Amino acid sequence: MAGHTGRFPVKHVIGFILSIALTLLALWAALGSDLPTVWIIVSIMALAIIQAGIQLFMFMHMIESESHNGHVPWNMIFHGLVLAAIVVAGSLFTMYSGHGSGGDHDGDMKHEQQQEQHEGHTEH
Amino acid sequence: MQLDEFFVTGEPLIYGAMVSIALVTAAIIFILTYFKKWGWLWREWLTTVDHKKIGIMYIISALAMLFRGGMDALMMRIQLAFPGMNFLNAQHYDEVFTTHGTVMIIFMAMPFLIGLMNIVVPLQIGARDVAFPYLNAVSFWSFFFGAMLFNISFVIGGSPDAGWTSYTPLAGAAMSPGPGQNFYLLGLQLSGIGTLATGINFMVTILKMRAPGMKMFQMPIFSWSTLVTSFIIVFAFPILTVALALMTIDRIFGSQFFTLTGEGMPMMWTNLFWMWGHPEVYIVVLPAFGIFSEIISTFARKQLFGYKAMVWSMIVIAGLSFLVWVHHFFTMGMGAFVNSVFSISTMLIAVPTGVKIFNWLGTLYKGRIQLTTPMLWSLAFIPSFVIGGVTGVMLGMAATDYQYHNSYFLVAHFHYVLIAGTVFACFAGLVYWYPKMFGHKLNERIGKWSLWFFVIGFHVCFFPQYFVGLDGMPRRVFTIIPEWMPLNVISTVGAFGMGMGFAIFVYNIYYSLRYNEREKSGDSWDGRTLEWATPTPVPFYNFATVPHVEGLDAYLIMKEKGQTTFDEANLKPIHMPSNTGQPFIMMSIMFVASFGLVFEWLWMAIAGLIGVIVMMAFRSFDYNDGFYVKVDEIKRTERSARGL
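Read top to bottom, the protein sequences are chains A and B. Residue numbers for the first sequence follow this note's numbering, beginning at 9 and rising by one. Residue numbers for the second sequence follow this note's numbering, beginning at 30 and rising by one.
The set of hints was computed from the structure by calculation and includes no laboratory data. Note that this is a predicted model, so its numbers are computed, not measured. Heads up, the beta-carbon is just placed ideally off N, CA and C, and yes, glycines get one too. Each hint should be verified, as a subset may be incorrect.
[Unchecked claim] With a Cα cut of at most 25 Å, we get these calculated DMTMM-like pairs of lysine to aspartate or glutamate:
no.	chain 1	residue 1	chain 2	residue 2
1	B	Lys395	B	Glu589
2	B	Lys470	B	Glu546
3	A	Lys19	B	Asp654
4	B	Lys82	B	Glu662
5	A	Lys19	B	Asp651
6	B	Lys549	B	Glu512
[Said to hold, decoys possible] Here are some chain A residues the structure puts well away from chain B; computed CB gaps all over 12 Å:
no.	residue
7	Lys19
8	Gly23
9	Ala29
10	Ser41
11	Leu43
12	Pro44
13	Met53
14	Ile57
15	Ile62
16	Met70
17	Met84
18	Val90
19	Leu91
20	Ala92
21	Ile94
22	Ser105
[Claimed, not checked] Label pairs and their calculated CB-CB ranges:
no.	chain 1	residue 1	chain 2	residue 2	range
23	A	Arg15	B	Val48	57 to 63 Å
24	B	Gly362	A	Arg15	57 to 63 Å
25	B	Arg330	A	Pro81	53 to 59 Å
26	A	Arg15	B	Glu662	34 to 40 Å
27	B	Arg543	A	Asn83	48 to 54 Å
28	A	Ile28	B	Ile58	55 to 61 Å
29	A	Ser105	B	Phe387	35 to 41 Å
Just chain B, same shape as in the assembly (with noise of 0.2 Å):
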């Protein structure tokens, strides 16, 4: 192979790029040799099975995901506003929206949440790490690794462009030859070893790791929220490993599973992928109703109003997901009566969810309502969240769904939920919970800035989109006729708008930084839920004395009692896992290995999977057992951390 079929070229586009990468790379090194940070690079971060860690790693991958997917939102947005000017061609515009789609759900929107939930969700049932310390950082590591495998298309061999459903024939090998549609293909494998795995060690930590007396009826909803999401992950990510593995098979070893020759079912592909797909939407928006639901009770100084309809409105919600997937392929043609019972169990969505939103009204109904960021954006969410809903109801009846099918309309209509869900949820979150993870709040007026700006805009980029839509513009086109150019033109200002607040988000990670009081109690918001009861800085083994926990909104009821998470009599040794650099070096031989397969280079492949497989025999004779952290050392540490 030739060095120039190695690399992309021909686009000044990606040659900036590429210069960018280098340029930042090259930085990077020299600020960690610079002020000798490579041995704490190693020590504190690529080798570390703490969660409140590993969550912060998720949520940087994560914002630089989404600064990613950002850029190729704008340059599709700058392309439509100006389809005369040869911006992108067909051919990268069809490069960018197929990574668009794919950065922000597996490499944006899951990352970010997942990364909240490490950090969250041990601090909130009272745990002092998550069941599978080390598992865990497979996960994240195999998270990352594929993110970069993924993401190094664009420069060598070259991006998929078959969308992110990468729907066969086209994905196939026959109409998609080289390297591109394999590294979507092992990109997502790789990251969904992870995503499994992490589904698997929630589970087990919220089942079992619960705090003496917390009852399953007295969890967080955010716990709760994962619990929930954890099933649908265990359940659903299998089907995505299949289906990848066979597409993977078809392309590389010439198998006929989703091809036109052959006896081959392309449209089973489509049928596969979504039924992890439809899941999938609910893996990262169940969550999101976890962050609204604390930050809603916390900010209304309120009791969650129907925790219990919350719960189980999640837990039908969970059920249902796996029973509407064909509602995403309904002029597929699989007939009248097919469309008919998808269109039922679609709309039955509306029902748990609705509960939901009335719950949410309910919280505030009568609250002292206290207007900070994170509660702005779940406030933002609600009705923004209900227009993305409405439509999708409207999408959801089979006949009319022909009118909408693949237009505009649709576009807008998951952008509605998915940004006015997942990503304010994000946002919120991170802005809630950034006190306990750094010790300082950020800014609040910048704050409110980079919301207004983000949530203007994507009125303005999104709403248009349904009317174009319906005007008759179909996604994934690169140009447009003259009739559609206004409301186009609209949207893109829109899309600058949350672009601007994206910025401001991170000048304001910044400016707080730097400028900020540090907080000097745990407790910031006065919270209800436990992690608010262990002090910031949090210590590496969270709570000094695990609390005995005696109703919903555990911290609440000690805060009344004048309980703390450090009760000086009952100190005792507290076992903790030991730090490994063995996840990180496993999946780095396990991107060698992928690596090796999307260019078909067996030999690549063959000897990164034995690399693989000697580290999982290194992992077996392994009796690290971890060690007990010293009374005297608890006692130091929390006497510090407490100002006591």
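Bound conformation, chain A alone (with noise of 0.2 Å):
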């Protein structure tokens, strides 16, 4: 195999401890800071961008010559990224615009008494 180059890997160690040092400071982040809530989902945001950074170039080979001819592959980041948009677009789309979940309570109150009149209406 040519990946035997006998070379100490350094970036990737360097890339595995920032992982989990990110991954160690979300964890701190969520359960033992005392920041506001709004706070806590910004650094959390912010830290996952920077961990998908890490993997893609310190690991994914994204940018080097010998990978893909050279070639980012958009391609499959594209396909990742609408999957990505599917589940959390299409999770609260159908999660929260129906009668059980979310929403203010007065658009519960208002959901619950149209449906029972529905309900109503089929016993006829």
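Please dock the two separately framed chains into a single complex, following the hints provided.
And the structure:
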């Protein structure tokens, strides 16, 4: 195999330590810190983006010339992003546009009343 | 914990099962010891990285799981035909239908198809193995141990009983305490690792390791279906992994993701489950489409009609499969707008599927049809699957779905698509590729008997269920009212017909092993694609020389030109991977870790996970690059295999 050059994989070890450190930091932000909820979410998001960058550039050989003939695999990244969008947006769409969950309480009450009327009709 | 809490007690059926498990295990150990086969088992099977042998192990395991799931089905049918007999009580019935669904989808349908992919795809595209043979062995053993973990639940600890969908809050710790539901979570998690790795493996294999000259649109259609399926696996399985992990954390560590208390969202489980669950349906049906396409084209003696349309419709189906998941829970209360959106996307799927049906009919049109057993399975598939598809469109209309939801109409529908699609394809594919795997065909006459028993039994079993469903019979009930009685009895008779069909199929394996003549050439059915270009039995390196592919139906072109995969002038040493016991050992340690988590014995889980990490470290410093097969050895093997 051409891969065994015998060099110590400095980049991978740094990436590995960084990704563990970022994960611990996120864990601390959520469980141990006294930050307001909004800032916890913002900081976790920021950590997640850095984490994704570490994965892509330090482990996935995104910009190394020998991988994928030197091209960045935009196609696969695009598909991954579309899927993530479907999962997140789709869940929000199905979970929060119904009667049962989320929304403000007034809205919920109205929906429930409508539903009751509706059910009343079908029984006739 | 007391021993009587560890083992399931008090059920005569389960005592019987325990005795039979002990007897079978003792018999296997005795046979292996008596014939001194332990070394053979370890060298040839447990440590193998050969895609063909891994495929065979997948199929044997899947057949065993088909037997288990089938027995569950027969138990349910007996209960529903004689509801007054108290054959199964409510609790036991719940456990049986949960196990039946989970085993059939996760441990039967997927492994069966993945087994066929393992055997056939590298041969079809002219590769000498999959891209990552070691990972392939890891995949198999993770599936195997996941299946074992799930299957021991009914004698140790108790079976899960919340349905194969395991909806929360019912499946949560509050309403389903004990290890049962943990078996479901960890069993699926463990085998899911393997499925995900298989998806990656086949994606890379097909994209990178095709024979020289084979363009994407010259690939055999089964390889195409495998590629599309691999993409669905890679995109869909992480969703299941995360959902299972969240529920595991809920149950074992007391978090509140899917609970009723603490701002948990039980319905989010349903949402995430079906985000994986719907693509899963296509994971098990697209390879089936690929198998039928190969068989219909071979035995109609015609090129597949509308090859490009077939490929594109699979790609469109794969894309749409991620946009329809809500149709599994229209009645959950998302509101009319959400339901309408998903109603429309659901109906869109009927379009590419319809294209495929017409292309199969187009392939048959004016073909010189040979009614072999695999062809008969494929012909039985088309009308049966259409019935399943049409009722699927009925269910897909959100407004009417409120009538059909959770009734036997739904049960009949998904058995029509999954049995007529996937199970028929598994039988058809196994019969079709059997000579390539074992060096002899299955007996045609006995094969047709098993086919007729199974197909007629299938319709007798499930067609009445549409009507009993319209009569209002809900699914997952262990007792019925007198009005539903006659149709249920008919159903049960059909189910036993299917059982007969399966028994005859298994007998056929034994009969053919003893009496059927051995294959003399590798080309058993006058095939069109590259797997038939190899001699039978297939040498472990597959192709002595990899042919240059010049078009669709590569082997047909080679036969016309008089070429073979043994070009003596161009032999070179072949680089092959070495066998290794690591995947087996790593996954058996993972099994121990998962078992610890099931019983919430954290010391055992942690010890097991450390063991797995140690195994991974071993792998990282493993510089075994495989070995080279010498030209002389290739010559000798090929000459004896080809009778030169």
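Now for the hints, and whether the structure bears them out:
no.	hint	in the structure
1	B:Lys395 / B:Glu589	22 Å, holds
2	B:Lys470 / B:Glu546	8 Å, holds
3	A:Lys19 / B:Asp654	24 Å, holds
4	B:Lys82 / B:Glu662	21 Å, holds
5	A:Lys19 / B:Asp651	20 Å, holds
6	B:Lys549 / B:Glu512	58 Å, violated
7	Lys19	16 Å, holds
8	Gly23	15 Å, holds
9	Ala29	19 Å, holds
10	Ser41	19 Å, holds
11	Leu43	19 Å, holds
12	Pro44	18 Å, holds
13	Met53	17 Å, holds
14	Ile57	18 Å, holds
15	Ile62	19 Å, holds
16	Met70	17 Å, holds
17	Met84	10 Å, violated
18	Val90	9 Å, violated
19	Leu91	5 Å, violated
20	Ala92	10 Å, violated
21	Ile94	6 Å, violated
22	Ser105	5 Å, violated
23	A:Arg15 / B:Val48: 57 to 63 Å	60 Å, holds
24	B:Gly362 / A:Arg15: 57 to 63 Å	59 Å, holds
25	B:Arg330 / A:Pro81: 53 to 59 Å	41 Å, violated
26	A:Arg15 / B:Glu662: 34 to 40 Å	36 Å, holds
27	B:Arg543 / A:Asn83: 48 to 54 Å	52 Å, holds
28	A:Ile28 / B:Ile58: 55 to 61 Å	44 Å, violated
29	A:Ser105 / B:Phe387: 35 to 41 Å	37 Å, holds
Going down the numbered hints, you'll see the structure goes against 6, 17, 18, 19, 20, 21, 22, 25, 28, while the others check out.
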